[in-house]
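Residue numbers (my numbering), protein chains in the order written: chain P, 31 to 478; chain F, 819 to 1205.
One or more hints might be untrue.
Simulated restraints, written as ranges between beta carbons of each label pair [unchecked claim]:
#1 F:ILE1186 <-> P:LEU318: 48 to 56 Å
#2 P:TYR356 <-> F:GLU1083: 33 to 41 Å
#3 P:LEU460 <-> F:PRO971: 53 to 61 Å
Listed below are the simulated EDC-like cross-link pairs for lysine to aspartate or glutamate, each with C-alpha atoms no more than 16 Å apart in a straight line [what the hints assert, rightly or not]:
#4 P:LYS163 <-> P:ASP40
#5 P:LYS37 <-> F:GLU1094
#6 P:LYS130 <-> P:GLU119
#7 F:LYS947 <-> F:ASP1072
#8 P:LYS184 <-> P:GLU170
#9 F:LYS1098 <-> P:ASP40
#10 P:LYS37 <-> F:ASP1002
#11 P:LYS136 <-> P:GLU88
#12 F:LYS847 <-> P:GLU280
#13 P:LYS163 <-> P:GLU113
#14 F:LYS947 <-> F:ASP936
#15 P:LYS354 <-> P:GLU280
Treat the hints as calculated values from the structure; they're not laboratory data.
Just so you know, these numbers come straight off a predicted model, no measurement behind them.
Each residue gets a CB set at the ideal place from its N, CA and C atoms; glycine is no exception.
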Amino acid sequence: MNIGTRKILDRSFTAVGIGSIIVMAFALMVVVVPIVSNGIGAVFFTGTVEHRKMLRNEFQRGNVEHLASGVASSERYRARVYEILGTFEAELERMEPEKKRAYTSKYSQTRTALQALLGPLPGDRAPMLTRFKYGQTRWEKAGEKLHDLLYESKWDNSNAEIMGKEYFVSRATAFEGTSLAPLFPYIKGNIEKMLLPEFTVYWGFITDSSVDSHFFGGIWPEIQGTFFLAMGAMLFAFPLGVIAAVYFTEYARPGFLNSMLRSANSTLAGVPSIVFGMFGLAFFINTLKVSESKSVLAGSLTLAIMILPTIIRAAEEAILAVPKTYREASLSLGSTKWNTIATVILPAALPGILTGGVISLGRAAGETAPIIFTAAVSVGSAIGLADVLSSPTPALSWNIYNLASEHEAAAQIRHVQYGMVLALVTIVLLLNLSAIVLRARISKKLKA
Amino acid sequence: MAEESTGKSGRSNAFVVSARQRMFQKIAKTAGEGLLFAMASFVAVIVLFIFFFVARDAIPFFQLRGFTEFFTSSNWYPADEPGQFGALAIIYGSLMVTIGSALIAVPMGVAAAICLSDILPFSVRQYAKPVIEMLAAIPSVAFGFFALVVLAPLMQNSGGPMLMWAWWILVSPFLLLAVIVGSDLLTTSIPDEKRRHQAYLLFLALFGLIAVAFLFMVGSLLNGLQIITGTNALNVSIILSFMALPTIVSVSEDALQAVGRDIREGSYALGATRAETIIKTILPAASSGILAAVILGIMRALGETMVVWMASGNSSHIPEPWFNYLEAIRTLTATIAGDMGEADQVTGSARFHVLFAMGLLLLLLSFISNFVSERIVIRQRRILSGQ
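Based on the provided sequences and hints, a complete structural model is requested.
Right, dumping it as structure tokens:
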């Protein structure tokens, strides 16, 4: 090969390496950016008067006078809508049967779309579900619903070769010539006055419990459940892990038994997370019967087993990193081995051990598979500390799955899902970030 | 740590230790160490328990239904009466996403590890490592959510152009490189310098044209692709490769670091470029460690639940043709997670136990791969330390 080609190869090799790191950073960005940018929307958004109404009725929060004046002014503009509806209904009654039938279904569609936008109309029965008690609480959703009201969506399936294409038909033209026709331009022109959009900061998203399976309200029960589960797991795994690490580093003698124990540790680290879930179900719940069925306790125990190897490894590394001189100085002063470990080595290794602990805490908080069968429920209110032994809990990780994949109206509560993901990712990344910072400080200290 | 640590701790009289005191200390020491050992062996006990309890609920399935159906049929109708429990398509789905993610993650991960250990200066490395750790820390359900809510619609609506751009960006540099190296290699045997250069240019033009034609052909093919569902094997493979990357990078970086400086310097001294040193010297020396890294990374992809459950489409059939990554598939982990809720009311039925059979399969696979990778690492360490 000539030297030029060799040089090109060398350069491009470097470029590939750097490129792959850039791709990784890019991948991280691609995943995190939409989560952050959409997740923030759960707390900071443009809320409508319906949102303020909801807050007042469901959480007894918000300025009463401001709400009352808002409702009054929005009702002034809505009155015309109701009037148009009333006129059209009367006109509908007078129509010939054939024409009436044609308009009735179209009118009921329009009415449903209008309910989704503005909430219950006068003369409606009081809705059963909270989600139907209010109109659109978020301005950007109101825009979508307005489009649904103005246009009827239809599917063009004329070409069998390709998938059907969606197209929109204006409802205003469908009602041309009837007394309902003026409704559509009126709503389009006055939607802002009917919904009164206002920039809203809803911290309640973090501290409120949810209303009507996350249609409104916040994610506090999930945050609390995640906290209980992760803390419970640490409570079991941390002491055990540190003690095991002390044994491995200070007492274990090389040999068959020791290498077996170490193999066991790495095997445990490699077990797929869903298998931990099955084990938790088969052992803690079905065999030991720590609780009737799913419970925080069973979930914590399962998570504890999962994070144990990580804690042991981190603690081992931290203990081994303590300089030998510390140990020798302590022993030469006449203290016993146990005394040396407890008063010299463990304190010196503590920051490193804590780093491992914090990372494991993050992992326990973020894992879903082990708690599916052992601890998580999809809906529920926040549980008290006294209930952790017997009752299951909602948790961030599980509810993200549940809301995104199994909720009956998943597409309508995307903002809640994004908010939840952001909350979880923030918790986990903050924990990891603090671990990284902690570790950087330790290595600086050990160098100095 | 065998040095004596008993004795000489009596506070009243440091130098005189009675026989009773000594005996007491010895007992305390033995008991303490025994307790520590018991705590440490807890991990081993758990591993045994996991195997025992998963197997205990898995074996009844094989007693009820035998092995043949599970491994050879792809009719998965557990809710039927009588149920059909052919898991072939599900096992195949698992394999498919695992291989798919490995195809993406292994080259990228190894390249990144080489870059971290041999190419980047220390100052940059300090910032690159936390990025990798962050990638490892993001919970799987967040990746799953991303795959389902962001990537899947994107793929469904504009998958063709996306694939085309990926093809262009990822493949064209390598093809260009291959053209240059290929024409060089083909002309090295020509002795006359002037004629060699002419032949080189000729080949360069020829291969270049072929390569460009190839790029355009495949590119336009990809561009016209209609992706029926965004929740498919490709989507899952991409996301799983993100999740396997951190493991692959950090373990292979350790393996590369374990190769001593002397080997690198010897190669440089012989006049090799950095790329040649890495490819011909360091990679072979670290190959077993990298293999271990790949195995561990692959296991992570195989054992991952949430991403595949949310974004693989959960359709239990073998794609047509068998390598079609654009179809929905179903994996072992997702089946366990999804079906357990419906099955555990009827504990004792084949429908419940088949899930444990799948769990046992996963457990065995993870155990074997872990064992193999551990052996590999130990062997490499022994070879590199020159014993």
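Verification of the hints:
1. F:ILE1186 <-> P:LEU318: 48 to 56 Å: violated (29 Å)
2. P:TYR356 <-> F:GLU1083: 33 to 41 Å: Given range 33 to 41 Å: holds, Cβ gap about 35 Å.
3. P:LEU460 <-> F:PRO971: 53 to 61 Å: Violated - the Cβ-Cβ distance for LEU460 (chain P) and PRO971 (chain F), about 29 Å, lies outside 53 to 61 Å.
4. P:LYS163 <-> P:ASP40: violated (67 Å)
5. P:LYS37 <-> F:GLU1094: Holds, because 10 Å separates the two Cα atoms, which is no more than 16 Å.
6. P:LYS130 <-> P:GLU119: With Cα atoms ~10 Å apart, LYS130 (chain P) and GLU119 (chain P) stay inside 16 Å; holds.
7. F:LYS947 <-> F:ASP1072: holds (13 Å)
8. P:LYS184 <-> P:GLU170: violated (23 Å)
9. F:LYS1098 <-> P:ASP40: With a Cα-Cα distance of about 13 Å, the restraint between LYS1098 (chain F) and ASP40 (chain P) holds, given a limit of 16 Å.
10. P:LYS37 <-> F:ASP1002: holds (13 Å)
11. P:LYS136 <-> P:GLU88: violated (33 Å)
12. F:LYS847 <-> P:GLU280: This hinted pair holds, its Cα atoms lying about 13 Å apart.
13. P:LYS163 <-> P:GLU113: Between LYS163 (chain P) and GLU113 (chain P) the Cα gap is close to 21 Å, so the pair fails against 16 Å, i.e. violated.
14. F:LYS947 <-> F:ASP936: Holds - the C-alpha atoms of ASP936 (chain F) and LYS947 (chain F) are around 14 Å apart, at most 16 Å.
15. P:LYS354 <-> P:GLU280: holds (12 Å)
The structure is inconsistent with the numbered hints 1, 3, 4, 8, 11 and 13, although it conforms to all the rest.
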